[in-house]
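Undergrad: Residues per chain are reported as follows:
Protein chains: 4
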Amino acid sequence: MKKYFRDPIYNFIIIDDKWILDLINSKEFQRLRQIRQLGTSEVTYYGANHTRFSHSIGTMYLMDRALSQLKNVINIDDEMRKIGLAAALLHDIGHGPFSHVFEKIIGTKHEQWTINIILGDTEVNRILRGIDETFPQKVANVIKKEYEHKYLSYLLSSQLDVDRMDYLLRDSYYVGVKYGLFDVDMLIKSLLVNNDNVVVDYKGLYAVEQYVYARHYMYWQVYYHKTTRGYELLLQNILKRAKYLYEQNSLDIKIDVLTPIFKNENINVNDYIRLNDSVILYAILLWKDSTDRILSDLCCKYLYRDLYKAYELKQSVPISLDRIREKLNSQGMDDEYYLALDRPSNVTYDYYVEGEEGEKPPILINNKGKIRSITRFSDSIRAISGNQGIKYYLYFPRNNYEGVNICDDIIKYLDEYLEGLE
Amino acid sequence: MKKYFRDPIYNFIIIDDKWILDLINSKEFQRLRQIRQLGTSEVTYYGANHTRFSHSIGTMYLMDRALSQLKNVINIDDEMRKIGLAAALLHDIGHGPFSHVFEKIIGTKHEQWTINIILGDTEVNRILRGIDETFPQKVANVIKKEYEHKYLSYLLSSQLDVDRMDYLLRDSYYVGVKYGLFDVDMLIKSLLVNNDNVVVDYKGLYAVEQYVYARHYMYWQVYYHKTTRGYELLLQNILKRAKYLYEQNSLDIKIDVLTPIFKNENINVNDYIRLNDSVILYAILLWKDSTDRILSDLCCKYLYRDLYKAYELKQSVPISLDRIREKLNSQGMDDEYYLALDRPSNVTYDYYVEGEEGEKPPILINNKGKIRSITRFSDSIRAISGNQGIKYYLYFPRNNYEGVNICDDIIKYLDEYLEGLE
Amino acid sequence: MKKYFRDPIYNFIIIDDKWILDLINSKEFQRLRQIRQLGTSEVTYYGANHTRFSHSIGTMYLMDRALSQLKNVINIDDEMRKIGLAAALLHDIGHGPFSHVFEKIIGTKHEQWTINIILGDTEVNRILRGIDETFPQKVANVIKKEYEHKYLSYLLSSQLDVDRMDYLLRDSYYVGVKYGLFDVDMLIKSLLVNNDNVVVDYKGLYAVEQYVYARHYMYWQVYYHKTTRGYELLLQNILKRAKYLYEQNSLDIKIDVLTPIFKNENINVNDYIRLNDSVILYAILLWKDSTDRILSDLCCKYLYRDLYKAYELKQSVPISLDRIREKLNSQGMDDEYYLALDRPSNVTYDYYVEGEEGEKPPILINNKGKIRSITRFSDSIRAISGNQGIKYYLYFPRNNYEGVNICDDIIKYLDEYLEGLE
Amino acid sequence: MKKYFRDPIYNFIIIDDKWILDLINSKEFQRLRQIRQLGTSEVTYYGANHTRFSHSIGTMYLMDRALSQLKNVINIDDEMRKIGLAAALLHDIGHGPFSHVFEKIIGTKHEQWTINIILGDTEVNRILRGIDETFPQKVANVIKKEYEHKYLSYLLSSQLDVDRMDYLLRDSYYVGVKYGLFDVDMLIKSLLVNNDNVVVDYKGLYAVEQYVYARHYMYWQVYYHKTTRGYELLLQNILKRAKYLYEQNSLDIKIDVLTPIFKNENINVNDYIRLNDSVILYAILLWKDSTDRILSDLCCKYLYRDLYKAYELKQSVPISLDRIREKLNSQGMDDEYYLALDRPSNVTYDYYVEGEEGEKPPILINNKGKIRSITRFSDSIRAISGNQGIKYYLYFPRNNYEGVNICDDIIKYLDEYLEGLE
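Residue numbers (UniProt numbering), protein chains in the order written: chain A, 1 to 422; chain B, 1 to 422; chain C, 1 to 422; chain D, 1 to 422.
Please note: incorrect hints may appear among the correct ones.
No copy is singled out in the list; a pair is fine if it fits within one copy or between any two copies.
What the hints assert, rightly or not - With a straight-line Cα cutoff of 27 Å, these simulated DSS-like cross-link-like pairs (lysine-lysine) come out: (1) 391 to 71; (2) 254 to 243; (3) 243 to 288; (4) 203 to 178; (5) 145 to 109; (6) 412 to 368; (7) 3 to 203; (8) 254 to 240; (9) 314 to 3.
Simulated from the structure, these hints should not be mistaken for lab results.
Please read all numbers here as calculations on a predicted model, not as lab measurements.
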């Protein structure tokens, strides 16, 4: 019983395996329908409404195509294929709502929850065990990069993986930009395996360059957009404040689903999978009417797009924030919730340093049988290898509670201060 | 101060007018970010996550282009332009979550709420009055088709309007189908005005045909997809049950934002604009644990994709549902919530019958100065004019509460019954 | 040894079979690089520069996909597949330059030349015989609709064939219009075979409608564009005049490659395959300087875009051309070359009339096992079935040899005459 | 009288100015319909059939958009606009067939012919003088970079110009690759003028990077493809041989239009504009039957795709070609026509060295009022600045006249020789 999914990026995705359909229909996977892929980005780019559900299916689809290509050079048995597809489909299943924001509140990485869901008492686990008792562990191992055939982990999560391929294409499509486009067909048909490593044939070199730069552009143009980051900050402060109030026994409006999170106890899988975007959005809707002035104000700012002002600092100047804190406090605004220095940073392509924590294997190129790091062949990738891009934004409110502009004064202070430094 | 919006359909939408930006930033308009354009369609087509926010901006953009085109043939002063743009931007502002479903519960059409928001005590109203005291009423008149320059109403809502143009293109893009595509550039540059009527120049005839059929295809392939309709039914039954329980004082889990709706009193604008998709989704998440067996069961079905079975009846056969009711009741299932006959119907293109209620003016073609109804020129549109497409689906559950299959038995009964009729 | 072709429509076309590459590299097939798919259309739509070479490869590609789909329902052995692919690849190999124009001069249809090339003493023939001595005849039989497995002929040439599918998509792409788009993926995966007939599953109904209308639009908007038709007429008159002069022994500038054509003897395959667009274009370039006033004038008109005026006659009115002939002759212009009535006509979708010459089998739909003609299910196709669209254009020059406008006078005469008839 | 051109890249191009339509209809401009944009590339990428006609109109269109953007920052009067549009439209009007190949035979650059056509006794010149007697010279000055408002020359021809923008987008579209895509809308709306220099606002930085790399990829993946270069070589040798034979009075088949070229006298504009692709293609068709063995053989190779073998040399190794010459001569093949070392080279982005011949002004970025070279901001562009990419291909035939393979022997010799060097 084939099932056809209409995918806006790849047109039809045809699924032939019953166990995959079962995974898709599981309650843990269906939850991903309510978790937007790009969190708060839709505030900046209104088209970015897509969810982790579609990205997860797209990632599995590209894994399938990559494995078909690799079958030309190595033997891939049915078990390996199934493990690869399951790992691709499930790799994001542990994402909470507004992912990175939420991780900070809950104190656990989404990768850990992905493992918990795969190995825990869940529908997903039961379906995987239905194939073979050892399956859940093997799938988890691919995600943890501990699986024996390491090319599968590489395909799923590395500097050149199907996860990134899908999200670059998909995010570009929904956002409506061309930054994330690259020649995915050429890239996939250039994939090879050598010595359990994924390797790209030389003919795909330009496609890899496009792919690496696609990610570079998407980071700085979309993912780290200052408006989006400002919204994340707002959301984080809302949750921080609510949690603080809960701990002080003074949160007047309780949101049942969030209570286990605020309790600081161990959260179980069942509680976790109740979380989705609508819970957070509903909470903000209610907390707007909280009697806590800070919580209420932050929620209003969130709902009615009264953003923090983002002031870009050229570089990491040794700026003292004390004067700004004073200004805010004199307006009765707690700087813990109304002032933040944000430093989004990203390494587009990293050199491999053996033994380093989180070491990132290089993208390898096969040039007529000789295998070398891509930086040997690509000027443009070498140029940015290991570079850490970083930006500095200072966020503060535009108005105090009474609606009086306090922003111009702070900007004036910053402008003068920075001019003095030049 | 120009503002550039990235639109996935039209690339950049540039907004130059401060008052438009103010309307977009108003709390009533920002609410549309949380209301998905196609409601439950994303269950069937996972890409369909876009919101009424982007559709509203797109509609305004096309109105602007249409008015620029019409300036070639008639005088359009600044006030007319502003009224046209405002009406286009705000035409959907009254939509509730999961629009048609919600309308049934609340008993008021979204069009009425649109008027309420434009004329009521709202930010939108204040911004419009900022232009001119008479503005809100004029904008409302365009929407109600009572404005003196009726070509504006025609452009916004008729058998050939910018609302449809935008949603066909946008829905196609997000769903990932090509059914809704047509040559929008050719269509817009063929627009003329004659005698306060919008008219299409003959050179745009094929573009109009494509447009009419685009809508035809989208209705039957996307909007009325049986899975989507089944989900709407589920949602409607959930809200009906919750309201019933509320009225019986036996709803154990209250959702504050929904209470005014259940109370059957007059709902004020402030209560109304708190409603969005996340409220409904959050409610379902909580009601899943209700002690009411029916409410809890329906919510589980919704969350975990345990859809009603849709059985297509060939035509309106005089089938008795009593036997099926019996079967359901014998399994303890209340047929009010577990059985429904759905009859989606649509007239793709309607003949104009003067004086008829809701009469729909025809699409007019200008052929070298002579103006005639499009059915004079187009075989394909004449072919479907006035035809009411209709389908009959009977929906019933797959399992009873204990998970026992009850569906096969009903299907067998229906198959045999229908065969007997042939 | 796989070969990858970059195709603008389908991205990569991968060819795995050596014999197909050999056919592509044969001299007869390479000739198609110099024959534009749409002949004179590029005068009207400047993007339409594509050749029969790319269309032929695209047609083979779609045949391959169609056969892969049909393998789900019938057995297709390796020989059948090869015959299908070869027939698709070679179906246009007999096309001369500016196809229909040239056919009139040479008096033989391109289909006949296709058969001649497949069966004659050619490279193509040798490659096909290399597979099996019977191959050339079998491939020719598919094209002549005399092959035993008639579904192959249907797939290649019918009212629903891969030839049309490819040219609609490709022509739209190059011309830059959206008229020819349809959901080709859905269409192909809906193909079935029943009783040696190709049948479309009901789920592909809308895709078929789009496809039929795509052709409808392309005919009237692109293929039969009056400017394009006017250019064809000019070209035809140039060749007619040159042939006439040759026969009178008074063609002062000989074009070697065209001599066999003008001789009215049997043309052999070797002479024929020397013909391509550049021969005609080169001839026009030289004949511009002919001492024959008519030939020279027509070539100037062709090269410098001094088109005939196209006057549209509403319907087949019984207009006498004598007065116009007189006007032209009084300016010294031979009406045989300077006046023409063109009647482009097309039947978008034809009813099947058994026994009729050139009978066209209907498109069949499979609705749950019952097979019926598409006109049973589709209002829009039924609406135009059997309708012969027809237009009437009268072409005459804008200026006489001395550059004096003679066109306005004729238009005035026609306007008055037609007005008198109303 | 507006005229709408359907452009596959930009959809509609609307032309409002009569003088532009006149230029387009001039015989010199119409000639561009018969000159393919990418010359022999269509042998490698069969979709690449587009002509300089469409590229020229596209370039003018982008110039128009760029000027509209610049009007936001500087005053552009009607004359400047007209001069800019005319220069953009006519910048390629001097191109001969298979441009670079032909330049070598004729010994004059196409840029010179562009000036000759603009200033000479031509229709184009007459139309330009119709605007103002000084117009032709001003337009020529923009092209020669001698116009007083140098930003116009920069827009037309620099490291960031509308010519490149159009050809990257257009060539990508026709070839069917994604390498040449970049965000042209963002790029154009970032253009500014400072001190008569074109400058890009910082917000367009990524779009510029994409544009620079688009050109990089297109050069190495498409324009310098070894198959394409091999075809150019073949074509060049055919023309060289024919010219040599003509000079020796032993060219048995004369092509009238080429005679003035072979005569080595001054070619006048009238002779020049008779040249187009079809002349060359027609000549090859006839020369195939020349009694000169070399000319005939080269033409066969060209027509029937019997390409030279391209052997890539890793770097500029000091290889002696004498042994290979011997091998060829021993097979009776003249190495002047059967052996060539090709060194395609390109500088993707060049540093500015003042005073250097052909100095290339840098792309300038405006970062909040400070204007700096782009290499200050862009790692990826800095990385390749001034780098001269270069490749080394040795071309030799696969077979001798009798069809005996001589290629394997040469390859074996080269392989061994190079291995010895390692």
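Undergrad: Does the structure break any of the earlier hints, and which numbers would those be?
TA: 1
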